[in-house]
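Read top to bottom, the protein sequences are chains A and B.
Just add 555 to the spot in the first sequence (first one is 1) and you have my numbering.
Just add 555 to the spot in the second sequence (first one is 1) and you have my numbering.
If you are wondering where the hints come from, they were derived from the structure by calculation, not from laboratory data.
For clarity, every value in this text was computed on a predicted model and none was experimentally measured.
Keep in mind that a hint or two might mislead.
Which copy? The list can't say, so a pair holds if one copy fits it or any two copies do.
Lysine to any residue pairs mimicking SDA-like chemistry, simulated, CA-CA at most 25 Å apart [stated by the list, open to error]:
no.	residue 1	residue 2
1	728	749
2	736	572
3	728	754
4	584	736
5	584	725
6	711	644
7	665	730
8	728	756
9	711	613
10	614	578
11	736	640
12	711	646
13	665	744
Protein chains: 2
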Amino acid sequence: MSRTISVRESIYSENDTLAAAIHASLAKKNIFTVNVLGGAGAGKTSTLINVIQGLGDVKTWVVEGDIESDIDTRTFLSLGVEAVQINTGGDCHLNASMMQTILPLLDLRKPGILFIENIGNLVCPAEFVIGENIKLLVCSVPEGSDKPWKYPLAFKRAAAVILNKTDLLPYVKFDRDFFDKGVRAQNPDAPIFAVSSSSGAGFPSLVSWLQAAAAERLAVDLAP
Amino acid sequence: MSRTISVRESIYSENDTLAAAIHASLAKKNIFTVNVLGGAGAGKTSTLINVIQGLGDVKTWVVEGDIESDIDTRTFLSLGVEAVQINTGGDCHLNASMMQTILPLLDLRKPGILFIENIGNLVCPAEFVIGENIKLLVCSVPEGSDKPWKYPLAFKRAAAVILNKTDLLPYVKFDRDFFDKGVRAQNPDAPIFAVSSSSGAGFPSLVSWLQAAAAERLAVDLAP
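With the hints as extra help, turn the sequences into a complete structure.
This is the structure in structure tokens:
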């Protein structure tokens, strides 16, 4: 067992070093990088579409992570968003090495916001940094209000929590108070944005927050 | 990297050996074992409650897997179902060693059906056997119809696919034909049961299928 653990530690440490280099290189280009986490079917793609549309003239890119398929990349491309696909072939999360391989395929010469849509999985992606400024967590109403209690790390690591599919609140049991308490138990500071990707409700506040976060964190990154 | 791979292979092989022993021991007791997979919030617990109630006098047990919390175990216990909790503390799937540790806590002296609710994750739990006769996959309508294309292994390994939360079909976009084609692309044989855990619709067919599967597979297990 100790051999397994030492290999794992070395994987984390190699990944962290590479992620720090990727992050530094993106920040130098004035690019704010957002690692988007969420379970399968929480609505990460539909959330990103709303956010990107809300950002208007801000230049955006998407790195799309999936085990297989390029369904979401084709959706982004059809909307005019520059997007590239990582297929992990089985791996349950993206890592810094995959990011290093894929980033040269994007034209990153302007300042802007790079979104990385991680594998749909509330567990493993939370363990890894892949060059991002922040992690954004997308949950959804039909998943149920107990998720922060069951999947604590993703909530701990999130700079903001997005509660998607609020249009389904009339049709499912969801205890918003229990959910909010769960988020707070893991994370005292992250704002919670209740949104509906299908109606667009709630996105203006999220977009404003994201723009402020981008300005603030890039200022820190670029401070002499 | 080769060191990492050899450790992984050894983990799989040790796990498989232990899982086979657990499986043989359960089969000898005339216990049919079902490893229940599904993403976070697909409704694994509510599906199991409906199935267990549908099974009537059949003796059932639940091993409940979560990273943290015992919310679902308390639900099962409150309904009179014998249930025990595994908290992995971070691991994204159950393994045979965890099963070996927990099973002595259950009174397994009667024939019956043992359900193991795995960690909510459409990726990693599909890679491991933990002593089961079959894997059962729970998906849900609000997760979207593209899941079989994006998370192929869970669909490949499932003996049956349950499409839960069909009561939400009027309120979300879901292409049933695209979903069914995706399931068939991964798995030519698994039946698909459309159910609603909130209304109970669709469960009688699933329960009948499960009883037939249990009889058939235990006959194979117990053949001289």
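Looking back at the hints listed earlier, which ones does the structure fail to meet? 2, 4, 5, 7, 9 and 13
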